[in-house]
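So the protein lines, in turn, are chains A and B.
Residue 43 in the numbering used here sits at position 43 of the first sequence, with consecutive numbering throughout.
Residue 605 in the numbering used here sits at position 461 of the second sequence, with consecutive numbering throughout.
Just so you know, the hints here were simulated from the structure itself, not pulled from any lab data.
All residues carry an ideal CB built from backbone N, CA and C; glycine is no exception.
Please note: incorrect hints may appear among the correct ones.
Which bits of chain A does chain B cover? Going by a derived footprint, with three or more residues having C-beta under 8 angstroms, they are [to be verified]: (1) 90-104; (2) 115-128.
To give an idea of the interface, some chain A residues facing chain B are shown, with a C-beta separation under 8 angstroms as derived from the structure [said to hold, decoys possible]: (3) P107; (4) V108; (5) G110; (6) A142; (7) R144.
Selected chain A positions facing chain B (Cβ under 10 angstroms, derived; list incomplete) [claimed, not checked]: (8) R38; (9) A71; (10) E109; (11) Y111; (12) I143.
Letter by letter, the chains look like this.
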Amino acid sequence: MRRIPASFAAPFAVLAVAAALAAPVQAADLDVSIREARSQSGQFQVALVDAAGYAGSAAPVAARLLSPAGAVTHVRFDGVPAGRYALMVIHDENGNGRLDTNLVGMPVEGYGFSNNPRVMRKPTFDEAAFDVGADALALDIAIR
Amino acid sequence: MDRRRFLRNLLSGATVVALGPALLHGADALAGDPAEFSAGLVDRPYLAGWRQVSANAFGPTTVQIEGRLPANFAGTLYRNGPAWFERDGFRYEHWFDGDGMVHGWRFGDGAVTHRGRMVQTPKFQREQRAGRFNTMAAGTTVPGQVAIRNNDDANTANTSVVTIGGRLFAMSEAGSAFELDPDALDTIGPVTWRPDLQALPFSANPLRDRDGSWWNFGALSMLGGSGLLLWHIGADASLIGAHVLEMDAPGYLHAFVQTDRHLVFLLMPYDFTPSGSFFESMRFAPQRACTVLVVEKAAPDRVARRFEVDFAMAYHFGDAFERAGEIVVRTVHHRDVEHARSPHRAAMSGHDGPAPAAQLAELRLDVHSGRARWDLLGVTGIEFPLFDARTPGDRSARLYMPTTEGETGAPYFNAVQMLDPASGRRDVHRYGRDILAEEHVFVPRPGSTRPDDGWLVGTVLDPTRNRSGIAVLDAQHIANGPLATAWLPYAFPLGFHGHFAQTGA
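Okay, chain B solo, but in the shape it has when bound (with noise of 0.2 angstroms):
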């Protein structure tokens, strides 16, 4: 890893491809249409997932629950999504680019209390006293840039959230962890965890080990850099280790997925050529294979082996396992490589586009062989999955997901539904034609350790009223419908990931 690569071009004068190369083609801005997207939302109200947030924060709002919610359900459920999509007539046109609105669902006596709050970064707040768009985006390429000194000014902590020892982070692909206050959600800052990790990328989605530690990565590719750098943090959220893997070749990865004894990556060929922002100019290269990276935890500062596999992209990953010499993933398969690149382009410009053509897959590292291969469930119209994470390691856990079921009015998820893929066990809840369902999170029920033993807690959007809500359903029976359910006055845009916050657990 060339670890002062910037530094020294800094100082000695040679370029380097890095985050921004195109940053001088401002006048080639290809803005999206705040008053087409508003035409759009005419005939689509479900485009309302996608719409400009209408505050920077919302709540404290209590309402009452419709149902009955089970005693010792309580906790916080977090969640974050890009919110803020326009500013001076000019719209983003990547979902990826929102700011991050970070919101917490807090249950307690009979009554769920909402707030919403902007994450206060250092592009936010500037952006907000410019009263327009003035940063690098992800997936955008916006005119009138400033110049910034380093990825965290670009940081939109727009991606997910999680509680690691009581404080509460909020994360995107490419920069710090920002901190926020757990109850009213302000901004504390972004997270530097030892001084010469700051501003390097603290991935959206990590992962907790059954020790109550955490592991995550971050892209240095993405930052013009080389490797992957690995994080582990104590359930104190202090710092155990840092440890920079090295790639063989650029690879995009948004998240990635544990076993007891492995981290494993799947790494995403592309090809990059400078031509506006990130996304923009990467290209996933499907002539390629996926390189996939096994990190023994024991060993975290060391690839321990690679593997190469047919091209596919995936985002989320489920669970994974090990049995008999082979390391069994679960993860959601895309093959059409431009809407994985910029996932419903068409509804952040106020138009109809496809559903996401994507399916569950398997993807199986045999160990002895060195082999790796890819086996499709047929199981089709499905993001977001998660698991409980007591599942045994060495078999399948069940996957809970929002999914499509029956006719559906938007290109998104109507459902949830549990999926047993070793029995091929399903079960589904409908919520409704028009309501826009959005990932279910796993709560165990205290004091038991029996997996899929607990509840999901998922949001909905209700755009044809107007409204943002919460479900809680007995994940052991899903069909019946939720045991419990919550409507606020207001709503507000999709959001990616969440993470429950248990009391008392």
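Chain A on its own, in the form it takes in the complex (with noise of 0.2 angstroms):
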């Protein structure tokens, strides 16, 4: 079995408890668009974070792991409760496990982030971050 990391395997776990739970008192859906990825092989790893999980201090809020299907290829977030939050994305094309990168760590795999920020760093949380309310949204993620 391929490794996953612990950022992202963290995530399942705690969305079984989050499902037991009461509904909060307002949430949305999410339902993402992930586009413009280079090849159709590997799997994307979508983690859904607060700024918290952003800066890596929390786990992720949710998480996803689906393989591209096509040139769209969606996601949804059900009854994510109203906040501030990021969407990152990691297109693992080879499958194993991680974004791969070269010695001083820049990616030669894909990512993406929510708000598609045109820099080459890791975006702000701010840079990177939407809002959630009572109405559902739809996000827009290009791989670069």
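Each chain sits in its own coordinate frame; assemble them with the hints.
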């Protein structure tokens, strides 16, 4: 079995717990479209995070592993509690469970963030963040 | 070296000043104006040297050679340079931004066959499809930039070209070498020498060692990392080794130099304040000294010696040699920091500009005392010095380079010269008032081991007749003028660096 980094494995446990909780006061569904992947191989690792999760000091709110499905791959997060979040996507093209990087840590596989910030570094949380309220949201993420 | 810096930041949340810190500033773009450039071209035909290339491929075009080519002069001169400067009413402001075109000038049967092909980088292809520039550039802030994965998505492969083990590589400063078909010049793709070295810079002026292997570097500081990546590539183009050398502070460098035992890197100090593209954000810091790193070829994983020397800027080096505990390095020494930061900036926008205020200098490194100093040799109006690599490693080489002689119609070179710094002897051929002369590559005479026994092959641009050409001179009789010349029925912009792949040598 492929190794899954802890930061992506942990959310599944979190989700299982969250499913048992009572519905939050206010929540909305997210429909995420992932576009512009350079290949159909491997898997997308999609993490929905809050500021703490973005900073790596907390687990993601939710996470998904899924295969590319043509030009646009859809992934849905149901009942996301109101708040401020960001989405991070890694295209693990060779299926080795991680974002491959070179000697200086620059990605050589695809990745993307909500809002598609045009920076060649990790965007700040504010650059990638979006607000969830009561209404369903549709988000586009372009894989670079 | 902080190896996982980008990744850790990608996954953990801190930001890092990286290659394109001002990509969010697209609205502040300082677009050059193609119409203004065209207007300038009417009065100043020499601006053809910076004119948008008229096609993305030239040739194959065969033209007869005028004069007589030596029977054993055989091979292909490859050259590379920025050629695609304009799209959709937007013109780059910095010469280095233009997408690369590789040329092959093949000599055979009394004729020259020329091909020119745009290097089909992901950047070039993406922008061809989009019909506009949409990718971060080294010296111009481009509006509406797309997000890119890493530096190779912005790689222009536009600076130089080399053949190693029969394979042809186009190179630029901040990204991978791109491999091309040596005959058709079709692009094969970026080279990955080892999986963890993907997309790391393989800089544009690699040096061939006497054993046939090649040394090169990549400046990791340009990618937001630190250190200098040192490459050692075998004569068969396989990777011998790659090492990261520590740098005390960011230093800019374009090329380096070797002796028989050592590699020498001159690091020019700069301050980086994100305010646009890389060259818009960097300011050379003349108030600080340059650092010189000396690496022993026998121990390429560490810096053997460090020197400090008065500030100077140098893009291009000639020879270097070691004698009596001293390493002597020849280079073209610039004091005009703005010209060095953006050479021919005025020409890029269609205006007159100053000729480069550069002169030949010797950097003298005293290995025993650890002191370094500059000796300015008083030879001005030069660039792109080359020499015969067969010159023994304990003595100075003759330098061959374009220069300016007499009246000139352009703030560029119109002549080629041999200069022997040891004797002061100089031998010059002036192509003409309005001819632009580029780098001239030394080609050794096959079968001879005598240094400087060979030819120079160099390209020229005749803007008044709208044609590009090539000339071959006897390296020991330059003043006699070319042995052979060939002119194409078309012109393309000036390039930077070339490499002669000799047949049967």
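Evaluated hints:
1. 90-104: holds (count 6)
2. 115-128: That given contact holds, which follows from 10 residues of the segment 115-128 of chain A lying within Cβ reach (below 8 angstroms) of chain B.
3. P107: Result: holds, 6 angstroms to nearest chain B Cβ.
4. V108: Holds, because the Cβ-Cβ distance from V108(A) to chain B comes to roughly 5 angstroms (cut-off 8 angstroms).
5. G110: This interface hint holds because 7 angstroms falls under the 8 angstroms limit.
6. A142: 7 angstroms, holds
7. R144: 5 angstroms, holds
8. R38: Nearest chain B Cβ about 9 angstroms off; hint holds.
9. A71: Violated. Min distance 16 angstroms.
10. E109: 8 angstroms, holds
11. Y111: Status holds, d = 7 angstroms.
12. I143: OK, holds: I143(A) within 10 angstroms of chain B, min 9 angstroms.
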